[in-house]
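My request is simple: use the sequences and hints to build the entire structure.
Under the numbering used here, think of the first position of the sequence shown as 4, with each following residue one higher.
Calculated directly from the structure, the hints in this document are not laboratory data. Certain hints may be false.
[Claimed, not checked] Here are the in silico distance ranges between beta carbons for each label pair:
#1 33 to 64: 25 to 33 Å
#2 64 to 35: 16 to 24 Å
#3 38 to 8: 17 to 25 Å
#4 58 to 5: 13 to 21 Å
#5 51 to 22: 17 to 25 Å
#6 11 to 34: 14 to 22 Å
#7 25 to 45: 16 to 24 Å
#8 42 to 63: 29 to 37 Å
#9 52 to 11: 17 to 25 Å
#10 35 to 62: 26 to 34 Å
#11 55 to 5: 17 to 25 Å
#12 20 to 63: 15 to 23 Å
#13 62 to 33: 24 to 32 Å
#14 43 to 19: 29 to 37 Å
Even for Gly, the Cβ is constructed at its ideal location relative to N, Cα and C.
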Amino acid sequence: ERLTAREREILIRLSQGETNAEIAKALHLAPGTVKVHVSAILRTTGARNRVEAALIAIRARQV
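Have a look at this one:
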């Protein structure tokens with residue numbers, strides 16, 4: 004399973020250390036929507052948390 008374009012966009016910002024609230028504001032989304040996307044990112048990557056998801060993405064050169 005692959006990440007959607009929006010999930011990749013959120014993962015990039017997540018990898019830069021942005022909070023869900025900061026990501027939501029920048030992308031004009033509700034914070035709850037960002038939370039749903041982050042959950043999907045964790046599920047898809049198999050990461051246990053957002054830091055691990057960022058590391059996986061960096062290693063895979065997704066970010």
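Consistency of the hints with the structure:
no.	hint	verdict
1	33 to 64: 25 to 33 Å	holds (30 Å)
2	64 to 35: 16 to 24 Å	violated (30 Å)
3	38 to 8: 17 to 25 Å	holds (18 Å)
4	58 to 5: 13 to 21 Å	holds (18 Å)
5	51 to 22: 17 to 25 Å	holds (18 Å)
6	11 to 34: 14 to 22 Å	holds (19 Å)
7	25 to 45: 16 to 24 Å	holds (18 Å)
8	42 to 63: 29 to 37 Å	violated (19 Å)
9	52 to 11: 17 to 25 Å	holds (18 Å)
10	35 to 62: 26 to 34 Å	holds (29 Å)
11	55 to 5: 17 to 25 Å	holds (18 Å)
12	20 to 63: 15 to 23 Å	holds (19 Å)
13	62 to 33: 24 to 32 Å	holds (30 Å)
14	43 to 19: 29 to 37 Å	violated (19 Å)
When the structure is compared with the earlier hints, violations turn up for hints 2, 8, 14 and for no others.
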